[in-house]
Structure formats: C-alpha cells, structure tokens
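Novice: Each chain is listed here by its residues.
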Amino acid sequence: MFGQTTSADGILVNEVTAQAPVKKKSSLWYDAWKRLKRDKIAVASVIIVGLYALIGLLSALGIVAADWNQEVGPSYAAPFENWDYILGTDIFGRSVITKVIHGTQIAMSVGLVSSLIAIPIGVGLGAIAGYFGGKVDEVIVWFYTTVSSIPGIMLLMSIAFILGKGITTVYIALGLTSWVGLCRLIRGEVMKHKNREYVQAADAIGAGHTRKLLKHILPNVTHIVIINTSLQFQVAIKSEVILSYIGLGVSGQPSWGTMIDDAKLELARGVWWQLAGATVAMFLVVLAFNILGDALRDALDPKLKGKS
Amino acid sequence: MNSSVNYIIRRLLYLIPVLLGVCALIFLLFNVVAGDPTALLLGKHASVEQMAELREQLGLNKSLFAQYLDVVKSAFTFDFGRSWSTKQQISSMIMQGAIPSLTLSIPAFIISTFTSIIFAVIVAYYRGKGIDLFIRVTCIAMMSISSLVYILVFQNVLAFQLGLFEISGYEYGFPNFLYYVSLPIIIWIVLSLGPDIRFYRTIILDEIYQDYVRTARAKGLSEKVILFKHVLRNAMIPILTYTVVQLPFLLLGALLLESFFAIPGLGGMTITALNSSDFPVLKAITILSAVAYIIFTLIQDILYTLVDPRVKLQ
Amino acid sequence: TKKQNFDEKVLNVVVSAKVKGLDPVNAGDTYSSAEIARVYEGLLEYEYLKRPYELKPSLAQAMPTVSDDGLTYTFKIKPGVKFHDNKCFPNGKGRELVASDFVYSIKRMADSKNNSTGWWLLDGRIKGLNEWKDKYKGKDANYSEEVEGLKALDKYTLQFTLTSKYPQFLYSLAMVYTFAVPHEAVEMYGEEFLNNPVGTGAFQITKPYAQQNTIEYVKNPNYRDDFYPSEGASEEDIAAGLTKYAGKKLPLVDKIKVQIQTEASTRFLSFQDGNVDLSEIPKDNFDQVVTPDQGLTDEYKAKGIDLEVTPDLDITYIAFNHDDPLFKNNVKLKQAMSLAYNGAEANTLFYNGRGILAQTIIPPGIGGFDPNYKNPYAKFDLEKAKKLLDEAGYKNGEGLPEISYETTATTVSRQMSEYFQKNMAELGIKIKVNTNTWPQLTQKVKSRQAQMFGMAWLGDYPDAENFLQLLYGPNSAPGPNGGNYNDAQFNKDFDTAKNMQPGPERAAKYAKLAQRVAEEVPLLLGVHRTSFVLKHSWLKNYKFSTFNHGHAKYYDVDMKKKKEVLESGLLKKDVEKKTASN
Amino acid sequence: MSDLLQIKNLNVDFNTPEGIVRAVNNVSFDVPLGKTVGLVGESGSGKSVTSLAVMQLIPNPPGIISSGEIIFEGQDLLKLQEEEMRKIRGNDIAMIFQEPMTSLNPVFKVGDQISESLMLHKGMSPKEAWEKSVELLDQVGIPNPKASAQKYPHEMSGGQKQRVMIAMAIACEPKLLICDEPTTALDVTIQRQVIDLMFDLQDKYKMGMLFITHDLGVIADIADDVVVMYRSNIVEQNTAKNIFMAPQHPYTKGLIACRPALDKNPERLLTVSDFMDEAGNEIAVDQTKTKKVDKVFKVDEEKNPVLLEVNDLHVHFPIKGGIFGRTVDHFKAVNGVSFKLRKGMTLGLVGESGCGKTTLGRSLLRLIEPTKGQVIYDGVEITKLDKKQMRDMRSKMQIIFQDPYSSLNPRMTVSEILMEPMVLHNIGATKEEREKKARWLMEKVGLKAEQLSRYPHEFSGGQRQRICIARALAVSPDFIICDESVSALDVSVQAQVLNLLLDLQEEFGLTYIFISHDLSVVNFISDEVAVMNSGQFVEMDRANEVYLRPKMDYTKKLLEAIPKGMPKELLAEQSGLQ
Ligand SMILES: Nc1ncnc2c1ncn2[C@@H]1O[C@H](COP(=O)(O)OP(=O)(O)OP(=O)(O)O)[C@@H](O)[C@H]1O
Ligand SMILES: Nc1ncnc2c1ncn2[C@@H]1O[C@H](COP(=O)(O)OP(=O)(O)OP(=O)(O)O)[C@@H](O)[C@H]1O
Ligand SMILES: [Mg+2]
Ligand SMILES: [Mg+2]
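Residue numbers (the working numbering), protein chains in the order written: chain A, 1 to 308; chain B, 1001 to 1314; chain C, 2001 to 2582; chain D, 3001 to 3578.
Only chain A is shown next, with the shape it has when bound in the complex:
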C-alpha cells in the first residue's frame, strides 16, 4: 500500500533490474520536503509562517515593537498620513502597525503553546488507548466522549471564565479543548497500525510494548500530528479573537483579537484601520497555515497523494 503509492517505480519493479539510483539522503521526510518544495504556494506559506514566527520571536525578545505602548501621535490618526504611524493610531495615539507587529507574538504563541498542551495529551492518550485497547481504551474513550459532549465553546468559556485573566488562560483553554480531536485521530490511526504486519513483525522479533509503540507505531503517525498542528495554529489564532470578544482574551498587551474587538465600537466612527490592520495580519498567517496544512497533508499523507 505504502510503497505502491510512494514510488513511481513500476518500470523498475523487476527483480533483476531494480537499481534505484543511490540517493544521498532519502527518507519519507526528505521526500515529503522535496514534494513540498515543488509547490510554489506552499513554499510561500512556509516563508510567511517563518516570517511571522520570526517577528513574534523578535517582539517577544523586545527587539521589535517594544514601544507599542508609546504615544506617537494624536488619538485615532488616520493611516498613510505620517510615516511614524503609517497605519494610523488607536485611541491612545499608539501606532497601529506597531500593535499589529506586537500582536504577532500573541498569535504565534497562542498557536504554539496550545499545541504544546494539546499534542502530548492527545497523542499520549490516543496512542495508549489505541494500542492497549480493552479497559484502558474504554476509560480513555469515555473520557473524551465526556469532554466532547460538552459544546466546545462552553468548555472554552468555562475554562477561561474560571481561570480568569489573560494569556495563560487563553493558552490553557485552547490547549485543553483541542486535544480531543487529535486524540481520536491518533487512537484510530494507532489501532490501524497496531494490526499492520510490521508491528506483528516487531512482536515476532521479541519487541516489547514500549518499543512497538514508541519506535514502530508513533513515527508512523507523526505526519498526522504535524498536519494537525499546522491547522491547530490557525484555529487557535481565530479563537483568540472570539475569546477577546467575550472578554476572556489577552490583557495588558495588544493582540489581534483585542484590536478587532476595539473595532467593534470604532467602526461606526469611521475608524477602520485597527480592524483592517489586524484582519490583514491575521488573514495572511491563517491563510498561510491553511495552505501549509493542505500541502503537508498532500506531502505527508500518501493516501491523499495526487489528489489535490
């Protein structure tokens, strides 16, 4: 199954003549990367994501946009009038562009940290449930059925509500609500792989559970985790906006969510630049993550290869 789809070596299949040219470096990851590289738009997405990550990092380190809190002009100055605040200013006369840049930090970290919370839980529980089956599986399935039977937005709001303030809450709330999907996926995939012959082959050479799970099965589901993460990022970034709207978002530093929330009132007075700035910034990175997610799926998930 796997081989058939990944190699186009139909002509070379003959035993006698099979002489695949010796490649310097060849692994599924490398192949996937090569495939990804061919896709111009995907490469552009990688670059955009990379750029955002860089900006986020620089702003976290205080190298760029550290002066977002500075008053640089009059309140609600219109954009494109002054180079110091090319995208205009907000209510306090702070530069909108600087806030947008600073907001990158929140957006990227929300995606990153919530993934860092969701992935270990989702992969851990999913793998254990799928691999061991039986009672353990029942308990884990019960657990995530319970969690998923509560509407996500309710769970998100309650967690945010109870933890209260700020960015940590956003991380935790998003992390804790998004592991379920991943867990279910990983469980199914591990169950499938568990019965694959290569795992039984590992059994036959005397490999224990830990080895079978960690060394054999998990590497074969990593692509799912990667695809999922790229999508989790964009979900997280979008959720931050909603949380901000409900008033459970970030405080004390600018985020795209709070900027859009501000715009709710500003729009009627004709102040559209905060909304535009944040929306465009968000649009670009969410778009990039979406495209990247698709491209990764095509590149890493051989099942869908050639079907884009």
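Rather than coming from a laboratory, the hints here were simulated on the basis of the structure. Among the hints, a few may not be true.
Unchecked claim - Taking beta-carbon pairs under 8 Å as the criterion, some of the chain A residues facing chain D (in silico):
(1) G73
(2) R196
(3) Y198
(4) A201
(5) A207
(6) H209
(7) N220
Glycine included, every Cβ here is placed at the ideal spot set by N, Cα and C.
Mind docking chains B, C and D with the ligands on chain A? Use the hints.
Specialist: Positioned in the frame of chain A, the structure of chains B, C and D with the ligands alone reads:
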C-alpha cells in the same frame, strides 16, 4: 435485528457513564473551581448575613459529595430547578431560548450543508482545473477572516445601509421570525461555506479515485450520474460523520450571531448565565447538550446503516 | 424587512441588558427596575420636570405626616386606585388598593425566602421588622403576624415606625422594592409571580413575561387619575415644549415595545434606523453625532433628531484596598498616584470630554456638591506626584511592589486599564492588569482580594449620603465600601450628617466632609458622567432622569410624524455618502 | 477474418514528478472477433494502461495517449467525442477489473449495478433490467440468483463478486470484453471456476476477448493468441501454441519456466534472470539447474530429530453480543490440530482462505495466544513460558509474513530493520559487529550491502520480501514460518524467492512451515503437506503422496484447480507423445 436493538440499548445505557462524567466535569468547574456566587447575586449592597443565608438556600453549604449528587440528580431527572440569577424556571428558559436558536441554526445548517455539498461536487468535477483552484483559494481565504468581521460588515452594510434586513431582534412564530433570522442565516452560511466545501471536496475526491468509479465509467455512465449517484452515496458516511455531530451543538445557536442580532437564544443565555454566575443554567445547558450529543451520535450510527449496507449495529 | 403599523401609538425603547424578572423585591439592576416601574407603583415618585430631584406623592394622597421625634411616618393612601384586571382576583376584576397591601409588600422584602436585593434599604430601620425576618428564617413566613413598625391603621392609613432617625427613608418608598403588590397574585402565581406582574401602574403586560428579547406593554385602561405636570419646568423645558401637555390625562401612548439588545453597535444602528425612539450614544459614535460644543451635528439635526445632555448622578473611581498595608497608612503614595492619573485626558478619551472631573465623591445636582471646590490631588501634576512618591519612600517607584489592578473585560474597561497602567508607568509604578469576568471581579472585591479596581456608582436616590457611604467603615466589603476605607473621624461625622433633616445645613456638612476625606485620597476620583440621549423627532415630552421609574407614562409618540420621516427615507440620507467616502 | 480491434503504434505517457514516463511504447496488436488474446507481462509492464487506453479511461492528468490508433470496428476510438465514447463503453466494449473487492460500488445492490448499464444502453425499464440481471447472475453461476440480486457486494465472497463483475460486463453482450487480471486476487479454486466461466461465455457469445495476466499458466487454457509485454514494449506475439512450444524471447522462456509444476520436481526453479541479463540480453541457461530430481522423503532420526510437537491446539476467537457486548460464543479458527515436525524439514500447509492457516502459524509463535493445547519446541513447552522467556525464545523461532509491503516499517531504514532484532537479542557486541552482520545478511538474500541505508519503499516487492527474510535470519533462528510469503508476488519473482528459501534451508539447516493456498508451490518446497479445512487438518502426508494419491475430496478439489500451465491441445499432444 436483535443485535441492533441490543446495540441501541447499549448506546443509550452509555449515556449513564457519560452523564456522570459530564456532571463531574461541570461540578468540578463550577462548584469547586469557581468561587462563591452569592455576592454577585445579591448585588452591590450585599451584606454578610444575607450572603450566608443565600448560601444556605442554594445548598452551597452541603458537602461537596452531596452537591455532586444534586447535580447528578438533576441530570437524570431533567429537573434543573430555577435560575439563581433570574429566578426563572430553567426548563421554560431553555424552551424559550431553544426556539430562536433552532430557527436560526437549523435552516442555516441545512442550507449551508446542501450548498456546500453541491459546490463540492462541482469542484470535484472540475478538479485540477482553474475553477477548482479558484473556489479552493476562495474557500481558504474566506476561512481566514474572523467571523466577527463578517458580522460587523454584513450588519452594517446589508441591514443598515441597504435596509434589506432587520437590524436586530426576534419575533416568535412563523413567518415573523424569518424577518429577523435571514441575515444571521446568510452570515452563518457564508461562514461555513469555506470550511465545508473544502472538507466535502476532500471526501468526494477520496471517493473519486476508488475502483468502483472506474467500473461505473467503464459502463458508459456520464460523469454527472457517477458523481451524484455513485460517489455521493459513498461519500455520505464521512459527510454524516462530519455533520451529524454538529447537530446537537446547533442548539446553542451561534453565540456571536445571537448577541449581535439580539436573538434571544440559548447562546446568548449561556453568556448571560456565565456573566452572572448562574450555575444551574449552565449545568442544564451542558447536560442537555451532552445528552443531545450522545443521542445524535446514536442517530448517526443508525443513519450509517441506511446509507451504507456494510455497516451493522453491533 | 417588515411593514410598520402606524395606527397605534407605540413607544419603542431599547434596553441594553437582559431583564431578569418583574418582581419588585428582586429588582436587582436598573434595567429590571425600569421595567417593574412601568407596571407597579409606590407611595412616592419623583417630580417629572423639577430639578434637583424632588419627591411627590404617587399612590399616597399627600406627603406623610412625620412625628416630632422623626420616627413615625403616617401616610394616607389614594382611595379608588385599582390593580390591573387579572385572573388572580375574583371575576378577573382588579381589586382596590388598600394600606395593608403596602404592609404585605414590605414584609415580602423582609421575607428571607425572597432574598430581596433591596433589603439593605430597610435593614434595621423599621421597628420589629428585623425580628420578624429572623423569626422566619428558613421557614414559611407568617404575614398575618403584626410588626410594630409597619401597620395599616385603617383601609387607607399606613403607619411606619422607625428604630432611629432615617431621613433617607422617604427615598426608599420611591424605589421599586417597596412598590405595592397584591397578595392574591403572589399566592396564585407562586414562583411564577415574577413573570406575571400585577400592579396599579400606567401599563400592564399582555402576556406573561417569557424571557424573550422583547417585552410588550399596553395602556392600563383603569389607570387612576393622573395628569401631566407643569410644576418645576425650566426655561428650556418650556422651550422644548415639555409643558404643552400640561393637564392631559396619563398615560399618553397605547403601547410600549421594549427591545433588549446587548451590543452597543446594534442598539445605535436600530436607533438610526428608526426602530427605537431614543438611544444613548455609544462613546465611539460621539464625533459623528455631537459637535465639540455639545450640540448635535448638522447631519443629525437634518434628520430631526434631538440631543439631550444631562449630568447623571454618578461617579467613577479607582479604589485602593485599604486592607492592604501598602495603602492603609500611606496617604502620600495614594496622593502621588492620584496626581499622576491624568483624569482630564481620560475624560477626553473615554467620555469624549463630556464627563465632569470629580473633585469629591459627591456629584453635582445634589446637596453637598460644591462647584467652587478644587481638589488639590484630583489634577494631573507629574512633578508633584514624583515628589510625593519620593517622600513616601519610593523614589521613582523603587521598592514599590507591582500593584495589581482588577478590571472587567469589556472593551472600554480594558482600554481604561491600559490607560491607567500607562499613567502609573510614567510615575515609575508598575501596574499589573488583571481582566475578570464581572462575577470574578465582584467576588474579588467582596472577599477583599482586589488590590485596586475600577468601579462606578450610580446613585440610588438623590442624597449625598448614598455616595459618602462608599467610604463608611461599617460598609466595608462585602458592603458597598469595597475599598474598605475606615477612618474613625469620618465614620463619626458621617453618622451625624446623614441623620440631619435635609436642608442647606446638612448640605454644608456633607460638603465639608466630602472635601476633607477627598484630600486623604481614599479613591482615585474619575468623573461624574453625563448622559447623552438621542431621540427622534416623533418622540414627545422626553426628559432625562437618573431615577427614570415609570416615566414612560409622560411620553408621547407622534405617529404621523414618524410615518412621514420613515417613508421619506430621511434617516438613511448621508449615511450612504459617508460610508462611500470611507 | 476481420479484426474486431486493432491497436496500432500506441504510445501512452505519464507525467510524473520524476518526469515523463512512457508506460506503453509503440504497441500494436489485434483482437479478432470471437478469439481470445492473452496479454502477459510482469507487474508494471503496461498491460492495464494498454487496456485502459482502449476504454479511454486513462486517468488524465497525469496520463496521455501521445500517439497511435485504436480501431474498433473500423472506427478510430481516439477520434471520438467523449459523448460518443460513452455509448461504446459498457455496450460494445466492456471491461472486468482486477480487484473484485473494490470494483463494485459497495452501497448499491448488485442487481441494481447490473441493471444500470442495461437501462442506459438497452433502454430497458427498471423491471425488465432487473429480470435480465437475475438471468445474467444465473448464467455466471451464482446460486439462487433471485435472492443474490438483492445482495450488496459485501454479502458475497470474492469469487461471487468477480462473477457479478462478469455478469455486469456481458450484460449488454459486448463485442469486445477486456479482462484485466480477473483472477489474480482470487483463491486457486475460485480462479479455476472463473476461468472456466469466461471460457464458456466467450464460446457462447462469440465475442472478442482481451485477457490480461502476469501468469502465463493462467491463460494457457483460454487464449488463442498471446502477446507478451516487457517494460512497456511488446517482446513477443504469437499463437498460444507457438508461445508455449517455442518461446522466442528469453523473457517468455523465463515466464514459462518459473511456475512450479506439480509433475516436475526440480531442485530449483528457473527464473527470468536465468534467461536474460539486466540489460535484457539473452544468456545461456545453466542446464544443471533444471535437473529433475525425485524428492525422496527420508527421515534420519539422528539428523532430523523432532523439533516441534503440537498437541491438540485450539485457538478460539470470542464472538461478542448482547447489550453489554459480552462474549456469547467462540469462533474456532484452529480446532484441535496435532502434528510433529522434524528438524531440517518443511511442512507445507494448504487450504482455502479463512481456514485458519495464519491463525495456526501465529499461535505456534504465541503471537496469538492459543486457547488450549501444547506447543513443544525443542523439548520446551512454550505454551507455558512467561513473557520474558517467550521473548528470548523468539530468537529461535521466526516468521515471514505474506505482505512484503506492510510487514516492513516504512519509517525505518533497512539497516535499522535488520539491526533491531540483534539489539533485542544481544547479538553482536558492538554496533560495528551488527552492521557487519547486516551486510552479510543482505548479501545472503541477494541484495547489495549499500542498500542498507535505504527505506523499504525504495525496493521492489521481491526485494522487500528478501529483506523480510533477512530480518528473520538476523537472529539466527532454527525454525521459520513462511505465511504466504510468496502469494503477493509475481510468478517470476515468486520463483526467485522460493529458490532463496531453499538455498537458505540447505545452508543453515532451517526448518520451515510453509503456508500457501497454492498447492503447486507447496508441493515444490515441502517435504510433508498438511491440508487444512475449517481449523482442522483433513489430511497430512508426504508431499508426493498428497499430490499423487489424494485421499480426501477436499484435497482433490484443490488439486484440480491448479492451472496446468500449458494449453490443452499442447498437453494432449504431450501426453500423446509419451
Ligand atoms: N496514474 C498513473 N500515474 C503515473 N504512472 C502510472 C499511472 N498508472 C500507470 N502508471 C505507470 O504505467 C506503467 C504501466 O502500468 P500498468 O498499470 O499498465 O501495469 P500492469 O502491467 O497492469 O501491472 P500490474 O500487473 O501490476 O497490474 C507503470 O510503470 C506505472 O508506473
Ligand atoms: N482476531 C480475530 N478475531 C476473530 N476472528 C478471527 C481473528 N483472526 C482470524 N479470525 C477468523 O479466523 C478464521 C481463520 O483466519 P486465518 O487468518 O487463520 O485464515 P487463513 O487460512 O490464513 O486465510 P487466508 O488464506 O485468507 O490468509 C477466519 O474465518 C477469520 O475470520
Ligand atoms: Mg494492471
Ligand atoms: Mg492467512
């Protein structure tokens, strides 16, 4: 037959552990982690005595276990009592809220699902061609804009400036509600078209490369028949998986839409309850959603057997 | 869109929060109170046109006679006033209101089962009422048991006996908590009473209140003889035509349609669309609507829209928690912070410069407000602030721990906290902003966990006592004094002042008290907010009141005018142009 | 005689990421009316693409017919509009596909699926079409056709599904029927039935038939002409008789030679590589290899002690039911099996799909826990060992799985795959030593040591099966179970792997249990043969005995099913000669 009855009974019995779990979870969230609601309920002039009195009345002085049992009891009897904040009967609050939520979400859901499926089939037909690329890119672009932006812009332009729709509000009864929910429904559809088309397209493409499609082509069937008859029927399973589990959550309507369009639905009720520490209401909504979720997954399983003869309920 | 019906006189109002229920004893918030007051009435009410606010009899025939010791109040009740027709009465015909209805209604406030949010008004005030309450704690109260201080002497005579002097008592009789409810309705509807209001008011509901986002009222056909007033009208009132209706029988409209819309932007759109007759102006729409001299922009004038600007009876402030040793005996630190807080600019940013910068805790419009007083610490002076901070031992903020500031999560309060943070940063003080949901903030304040927090207080009645008590030690959290300020001298002076009879003497005393304590900076003073209300040309007789209880009966709607305006498309003009140019 | 179909200079290209691949190169052949043309060639040689080109069903993109003509009844199909082509598909030209399991639409009744083309092309009403479908199902030999028409594909066995496919294809009585490996996925017994059916139908309807396979033996019975394809080209084209009698091209020779025949018992099989070098040039055949030996079954108590003893082995799978999903019954996959196997010997295990072969094999290694019974290996009762001891035991007993694609972890390099068992069983003290052994293993199984750093997907099927064998050998076992280890391979590759297994047995004195459903393969490699049915051994004896003198009907049925590998006329001639 017998085994499917067994299956259905088993699945319904599964409600018990799940409900116990849901109760434990919300109990943990609202009774253990969240603090004392009495100060808020009594308002700005609250006194210590009154707070103590109210705590007693609300049963907050009982042991945690006894309180948990109360939650469980209400979950299994569906008797949620009265709201702490508004003192209203919760069952009637939910009834009143469910109607607007459902009149908004069900039409929106049905229209958006059908539209997206049809679009997806069309896109699948033109796979690899310009139109496919165009719709795909449009979908992703549509998904990348925050829903808040759509609401703000649509309400301002379509309802206010062009006067095509009511700006906000709601009236019970047909056809009056239609005046109020049309715009929110349109926004809902616009919001869901992007992700839905994309998802259904993937599903349909998954099917299009199956061997049976080749067989159908070899029979001389036209592409239209193949797509709408052979492929779509097979794609129903993943489509059902994706859509049916959304249904119970339709109950909550769309939170943002409800509050911007002043639709008195359950979504708005949830936010209000949250903002006034009205735990009985939150518990009721959560428990009902959980029950709906389990029942709908069961319905989903039954639907599977209808669309796919290979699936058996066991 | 739907067709409008212009045959009936319908008043369209918008409310910004959910209305919980219509039971007077549980009128927790201003929104519910306003709705309750459409249906129910009390002994007293506020004069419609007169300012400063003044009480006048409502269901009472006249103002009460007060005994010499100031403890006994005797009321005569208007005879012949009928409750709304309702199935709780025999034959469904409204019964006549009697004195014992008030006895019953006020006992309901004390009934612990009802957990009335208005109990603080009467707590410890009426002879025997607390005892009655305690006796039936957790039990079914016996309403027939007589309470010494609360008696119906005969069918139309009602007598209150207080435990001590309490000049504010009369105000509580104009508050919805004490409004008259018929025991028949309470008994019949039980827990559903809150959805089935039966009162004597000018309006009645058509069907039980069902938690929907609209409430509809119709005119009470049997409404008592009540006429449009002319007393106390100011020059402007007369100019605005507010006295034209003098002597007309109330109410003037046939129907009221109340819409609940929680989003400010939605409310404003509804108003602009002509869907509602009046609206407050969202902060961010100010420039669009109001010119710098507080008049209306031409664009809106052209649409026939009127603007009503009135100072509201309230104050915003940032409280220090005096439980915290950092603030307890550290006047200089608080003074420094107060000086570093740029209230004037905050006023521009958040209240469009329309707020009145607070000098003491007492707002204008009530006795105790001194327009000439300037608080030396309620102004922006960074130099002086730095000096004071130095004197307090925290040169440039060194040695000062990070101070946490609690706020709610609405857009505006978030912006305000950012602004405060910025101001304090200039002084060298680090502020950590914690956003909370409203329940969380309340809980933190009531459990004394909040170090600093922003609040606003809206007067319950027009007496400075209601503001000064925010600093009264015994009112500490969970009471209204969330900052837990406790100054023995202030407490003592306050006790004497509040028991004085209203008058210039008491006002002077209040003023002195307020000014002295203001310089101790128990709070960072914000502004007294101004209310801006827009109304359409077809709405007549509107006058703003902080205590807008039952005033809808004075409003009139000119349906012909409304039809004309709506059909001419006048309201939509310009808007299109404006958005096009954006 | 007029030619029904003429293919002239057909070229088909595929646009792949690696560049343009020519899948069919300058192919020309004819299919006369009423005759069967066999198209033979190894996997990937372009057979399917050729047939799809006739139907104009080549997936586009990436495929494109770059030049050539396909003339059907005097009309060039390549010049037709899609609309016109649709009228021909299913009506004049019908096709049966390789995979009966997936080629039917799973959600429609088979009756409906057959009716569909009748309604489309013959304009029948649904009722007429349904009746005709039932009739067709009867014709293709489906029992109780009325009821069967109401069934869904999953309710039928593989053979039945293929019959449905055939019924569907012949529904409109096409003039040309294309069969793309219609039997490859089927059991030998069922394969036999299907081929017989095709033969009868062709006789009855007098249609032209293009029959595609990679196994020359399969079409021996049925084809009039044979076209041999090798690497996108036609290398030989002749009548069936001539092809079998006097094959010209070395590849054809290899194909004929590599199928083990029941009546011959060579020491090893000839393969394509014995006839042809890598560049495709003919080489002289080393005649010593074809030496015919009569396998003599002799047991030397000294040299061949009993290595494995199995007593009354049962494996039961629970069947769940009831509200709480409790076990209500058991499915007895292995139901009381006992046998002894001597060292250095090979036990062949045959039986139909689902009879319990795999389950038995795995339970011997305790990869599936036996429910009951004893397995004694080298004097140790392994059914009593604990986990740890069992793990150590695994270095002595190994298994090679059926599917070379899925039994290698796609995310591990070959060297990791080979070194993992060594690490687990402490073979080789250092990494270097293990690497050395891995290299040695690669050479032993006929692969190159440089290929160690590659991933499984970079190998062909046969190579992968060699890697699996190398992995099994890595722990130096004495006993190996080969579970259908060659069933997934092309006949020519299968022969190479069988040779390898024999060589290794000789060199290391290995003991095998060889599981297969193909009696000829089992016969070739085994000393003893056990025939299994419904979880039990129905017959067990020396290989020759089972073949020459089958005792049970079941065994006879299995034997009959094996393709003779020679056209009938040729067989008759041969036997006549003798
Ligand atoms: N969709 C495709 N994309 C790219 N290459 C293809 C595609 N289909 C076929 N090929 C190439 O065409 C060649 C011939 O394939 P074809 O399917 O005709 O082989 P075959 O002889 O039928 O083999 P098998 O016996 O395995 O069915 C192969 O080398 C294969 O790589
Ligand atoms: N884990 C299992 N649970 C339940 N039944 C099983 C399980 N594994 C196998 N079976 C059943 O046991 C029977 C024997 O299966 P087994 O795989 O041993 O057959 P086989 O002879 O190897 O067939 P094939 O030739 O198709 O590989 C089958 O009917 C199968 O359905
Ligand atoms: Mg093929
Ligand atoms: Mg098997």
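Novice: Each hint needs a verdict: does it hold in this structure or not?
Specialist: Hints versus structure:
Because the closest C-beta pair between G73(A) and chain D is about 53 Å apart, greater than 8 Å, the hint is violated. At about 5 Å, the closest approach between the beta carbon of R196(A) and any beta carbon in chain D falls short of 8 Å, and the interface hint on this residue holds. Residue-level restraint check for Y198(A) holds (minimum Cβ-Cβ distance to chain D is 4 Å; threshold 8 Å). Using the Cβ-Cβ criterion of 8 Å, the hint placing A201(A) at the interface with chain D is satisfied: the shortest such distance is roughly 5 Å.
Interface restraint check for A207(A): the shortest CB-CB distance to chain D comes to about 6 Å, inside 8 Å, so the restraint holds. Interface hint at H209(A): violated, since its Cβ lies 10 Å from the closest Cβ of chain D, which is beyond the 8 Å cut-off. Proximity of N220(A) to chain D holds as hinted, the smallest CB-CB distance being about 6 Å (cut-off 8 Å).
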